[in-house]
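Residue numbers (the numbering used here), protein chains in the order written: chain A, 1 to 253; chain B, 1 to 269; chain C, 1 to 241.
In case anyone wonders, no lab produced these hints; they're calculated from the structure.
Careful, some of the hints might be misleading.
[Claimed, not checked] No farther apart than 30 Å at their CA atoms in a straight line, the calculated lysine-lysine pairs in the DSS-like style are these:
1) B:Lys198 x C:Lys109
2) C:Lys237 x C:Lys109
3) C:Lys144 x C:Lys132
4) C:Lys236 x A:Lys116
5) C:Lys109 x A:Lys116
6) C:Lys236 x C:Lys109
7) B:Lys266 x C:Lys144
8) A:Lys183 x C:Lys236
9) C:Lys144 x B:Lys198
10) B:Lys118 x C:Lys237
11) B:Lys266 x C:Lys51
12) C:Lys109 x C:Lys132
Treat the numbers as computed from the prediction; the structure is a model and nothing was measured.
The residues making up each chain are set out below.
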Amino acid sequence: MSEPALRIEGLVKEYRPGVRVLDGITLDIAPRGVTAIIGASGSGKSTLIRCINRLVEPTAGAIWFDGQDVTQMRRGALRATRRRIGMVFQEYNLVERLTVMENLLSGRLGYVSAPKAWLRRFPRADIDRAFALLDEVGLADLAHQRADALSGGQRQRVGIARALMQQPRLLLADEPTSSLDPKTAVEIMDLLHQAAGHHHIPVLVNMHDVELARRFADRIIGLAGGQIMFDDPPAGLADVELKRIYGGESWLH
Amino acid sequence: MSGPDAVIEREWRRFTPAQRLARWAVYLGIVAAVAVSARTIEIIPEFLYDAPEQLRDLFTRMWPVDWAHYPGGVHEALVETLHIATLGTVLALVMALPLGLLAARNVTPFPPLNYAAKLVLVASRSIDALVWALLFIAVFGPGALAGTLAIAFRSIGFVGKLFGEACEEANRGSIEALQATGAPWLSVLRYGYWPQVKPAFWGLALLRWDINVRESSVLGLVGAGGIGVALNTAMNLFQWQRVAVILLAILAVVIAAEVIVTQIRKRLM
Amino acid sequence: MLLAAYVVYAASTLGFSWSRMAEGMGHGQAFIGRMFPPSYENSEAILRGLKESLEIAVLASFAGILIALPLGLLAARNLMPAAVSWTARAVIALARAFHPVILAIVFVKAIGFGAVAGVMALVVASIGFIGKLFAEAIEEISMKQVEAVRATGASFMNVIAFAVLPQVLPRFIGFATYQFDSNVRNSTMVGIMGAGGIGAPLFVAFQRFEYDAVCAIVLVIIGVVFACELVAGRVKKVFGA
Numbered sequence: 001m002s003e004p005a006l007r008i009e010g011l012v013k014e015y016r017p018g019v020r021v022l023d024g025i026t027l028d029i030a031p032r033g034v035t036a037i038i039g040a041s042g043s044g045k046s047t048l049i050r051c052i053n054r055l056v057e058p059t060a061g062a063i064w065f066d067g068q069d070v071t072q073m074r075r076g077a078l079r080a081t082r083r084r085i086g087m088v089f090q091e092y093n094l095v096e097r098l099t100v101m102e103n104l105l106s107g108r109l110g111y112v113s114a115p116k117a118w119l120r121r122f123p124r125a126d127i128d129r130a131f132a133l134l135d136e137v138g139l140a141d142l143a144h145q146r147a148d149a150l151s152g153g154q155r156q157r158v159g160i161a162r163a164l165m166q167q168p169r170l171l172l173a174d175e176p177t178s179s180l181d182p183k184t185a186v187e188i189m190d191l192l193h194q195a196a197g198h199h200h201i202p203v204l205v206n207m208h209d210v211e212l213a214r215r216f217a218d219r220i221i222g223l224a225g226g227q228i229m230f231d232d233p234p235a236g237l238a239d240v241e242l243k244r245i246y247g248g249e250s251w252l253h
Numbered sequence: 001m002s003g004p005d006a007v008i009e010r011e012w013r014r015f016t017p018a019q020r021l022a023r024w025a026v027y028l029g030i031v032a033a034v035a036v037s038a039r040t041i042e043i044i045p046e047f048l049y050d051a052p053e054q055l056r057d058l059f060t061r062m063w064p065v066d067w068a069h070y071p072g073g074v075h076e077a078l079v080e081t082l083h084i085a086t087l088g089t090v091l092a093l094v095m096a097l098p099l100g101l102l103a104a105r106n107v108t109p110f111p112p113l114n115y116a117a118k119l120v121l122v123a124s125r126s127i128d129a130l131v132w133a134l135l136f137i138a139v140f141g142p143g144a145l146a147g148t149l150a151i152a153f154r155s156i157g158f159v160g161k162l163f164g165e166a167c168e169e170a171n172r173g174s175i176e177a178l179q180a181t182g183a184p185w186l187s188v189l190r191y192g193y194w195p196q197v198k199p200a201f202w203g204l205a206l207l208r209w210d211i212n213v214r215e216s217s218v219l220g221l222v223g224a225g226g227i228g229v230a231l232n233t234a235m236n237l238f239q240w241q242r243v244a245v246i247l248l249a250i251l252a253v254v255i256a257a258e259v260i261v262t263q264i265r266k267r268l269m
Numbered sequence: 001m002l003l004a005a006y007v008v009y010a011a012s013t014l015g016f017s018w019s020r021m022a023e024g025m026g027h028g029q030a031f032i033g034r035m036f037p038p039s040y041e042n043s044e045a046i047l048r049g050l051k052e053s054l055e056i057a058v059l060a061s062f063a064g065i066l067i068a069l070p071l072g073l074l075a076a077r078n079l080m081p082a083a084v085s086w087t088a089r090a091v092i093a094l095a096r097a098f099h100p101v102i103l104a105i106v107f108v109k110a111i112g113f114g115a116v117a118g119v120m121a122l123v124v125a126s127i128g129f130i131g132k133l134f135a136e137a138i139e140e141i142s143m144k145q146v147e148a149v150r151a152t153g154a155s156f157m158n159v160i161a162f163a164v165l166p167q168v169l170p171r172f173i174g175f176a177t178y179q180f181d182s183n184v185r186n187s188t189m190v191g192i193m194g195a196g197g198i199g200a201p202l203f204v205a206f207q208r209f210e211y212d213a214v215c216a217i218v219l220v221i222i223g224v225v226f227a228c229e230l231v232a233g234r235v236k237k238v239f240g241a
């Protein structure tokens, strides 16, 4: 592939000494497309995603983004890197007492100085971009609503818009649909897929719904026991592979 | 982007104009108040420069701490202080309960009574325990009686107000259900309101007791019993080492009270 | 039932007796007779004292709140490394340990009689009160919201501004206004110890048995405290608390 957007080399994570949740993960993420990571609970999916922007500290290994190793970065460089990586969370993680608009603008906090942030003085361009993104995710009328007045699906749209506000080079999503009903989950995955194409950024999603992964991902990575068991386009995902990833047959039927 | 409309910039305001005005008015008010106060307050610079010197002098005089004084002069007074605090709190709870009920609009749907009760509660809280102590000393003479009543009367306002608010916030559903069965007023109170406000009430009682332990320790400074009396005597006689042991004793009791309250809270909640 | 037994025990230890109460009631009547009508003869001194009390309350609340805000932040265990938070908590605990009156005595000794001692004493008391409650409020916030804002690459202060403060501001404003009311009340009595305010004329009148003046001052205090509570209530509403 052309220059990868993200390169992970030998990533290891031990929450407790000797117990490896991630056991030497190596993979490249291309600059386009939706990559879905699937696996049973505890297989390390969430840990993998969170190591990329160091919300979880890796134990060993390297993560190359924009020509630098994220694992070795100090605070200032890490913040600069986080600016360029957008993240969407399972429980939306919006600031509930703030309005939708303020939540969106919080995506620009990596670029705005403290006094300006306190006084809510964001550049004109940011405000325009916020409104444009609100249109894109379909929430144009809700700019001034408080975040806690929104439904789950609406909140996740705000979450996606917030991540896009950063003008990121990579979008991470940690089980973005797990707290949503099936219909809304499909809408959100569709939105992620569309946004990725529209803004030309790769998306790395972590999910436990295999059908959703099959439908929206260009590439599926299956994790089991901290290692990659499967790494191919969805077409190649047959029952036998799923069994290897998830272990056991009973849930398949 | 679609058509010429898209060129119109959309505005984002964090606060409505009315909100902005109100906020600015408050800011201005605060700044004005602070500026006026700072200007008219008397500051004598020499005294301020002298301060570290004075404090050092004070602490040297307090050392070594006169531990020996404790059993004789301090312990009894400390126990008396605790009694004052506890008795005062109990008395306050007994008196605050009916007042709180009277002040709660849903329990007593009779506005004049509400206002009267609220007035009494406000008056009670506005006067500091020390001032109440002075009043009661004038009536009952110096001593623990004045102190206990002072604590009690000061606490009524605190407990009564918060208790009344807890009653007003009680869930109407179960109350109405009880009323619908034709239960007498007292039963509605006992079985409808009480279960709901009970945790708040005990929480309040504990909190107030904790505060009262602190308050009782200084009442004696004006003669209302407790360890404040010993403190006052020691200060007047410039026996700073005794002052030190008394202050430490007060500190110990206050900390102990807090620990007790936290433990009880953990058990109850 | 335990409580009732205790009450009887404690009462006797303290030397309460019905005869004393009865005596007291008699005195009480005379006392109330002497209190009314309240005498406003010395209204100059009263007004001066009142003004000073309010000044003490305003300055002490302002400084206390200003210091307690960052201090409470530093004391939050979920945001700060242990060394920092424990130091801050120790400072706050120390500030709370002593009653404002005792603090007033210490400050009077340090910087002499007058309102400044009162202000200092109440600043310390305010820091202790607000600092503790504020730290506790911060420790109860949802860290998920903080995590999300951190993930955008925001600086520490920006994370505070957008993820921490919105969650705790209403409660903080409640604490601040409550402390202001409390300081107005406290400022009336630090004067008894010589730290300025209306407590001084009150105590003087008391010692001279001028109970009608005492009554006048007490009524004024009630009025002022109540008025301040109303003002504080409106301020709370403006800031959405």
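message = Check the hint pairing C:Lys109 with A:Lys116 against an upper bound of 30 Å on the C-alpha distance.
response = 45 Å, violated
inquiry  = Run the distance test for A:Lys183 versus C:Lys236: straight-line Cα separation, threshold 30 Å.
reply    = Distance ~43 Å between A:Lys183 and C:Lys236 Cα, so the pair is violated.
ask   = Is it true that the CA of B:Lys198 sits at most 30 Å from the CA of C:Lys109?
value = 45 Å, violated
key: Holds or violated: C:Lys144 to C:Lys132, with C-alpha atoms at most 30 Å apart   = Measuring from Cα to Cα gives roughly 23 Å; hence the hint holds.
message = Does C:Lys237 sit within 30 Å of B:Lys118, going by the straight-line distance between their CA atoms?
response = Answer holds: B:Lys118 to C:Lys237 is near 21 Å, not above 30 Å.
request  = Sort out whether C:Lys109 lies within 30 Å of C:Lys237, counting only the CA atoms.
outcome  = Outside the cut-off at roughly 40 Å; violated.
query = Between C:Lys144 and B:Lys198, is the straight-line Cα distance small enough, at 30 Å or below?
reply = 33 Å, violated
query = Between B:Lys266 and C:Lys51, does the CA-CA distance stay at or below 30 Å?
reply = Violated. B:Lys266 to C:Lys51 sits at ~44 Å, over the 30 Å cutoff.
query = Would the pair C:Lys236 and A:Lys116 pass a check requiring their Cα atoms to be no farther apart than 30 Å?
reply = With a Cα-Cα distance of about 25 Å, the restraint between C:Lys236 and A:Lys116 holds, given a limit of 30 Å.
ask   = Taking 30 Å as the top limit, are the C-alpha atoms of C:Lys236 and C:Lys109 close enough?
value = It is violated: about 37 Å lies between the C-alpha atoms, which goes past 30 Å.
key: C:Lys109 paired with C:Lys132 [C-alpha distance capped at 30 Å]   = 27 Å, holds
ask   = Are the Cα atoms of B:Lys266 and C:Lys144 separated by 30 Å or less?
value = Measuring from Cα to Cα gives roughly 26 Å; hence the hint holds.
Checked against the numbered hints given earlier, this structure breaks hints 1, 2, 5, 6, 8, 9, 11; the rest are met.
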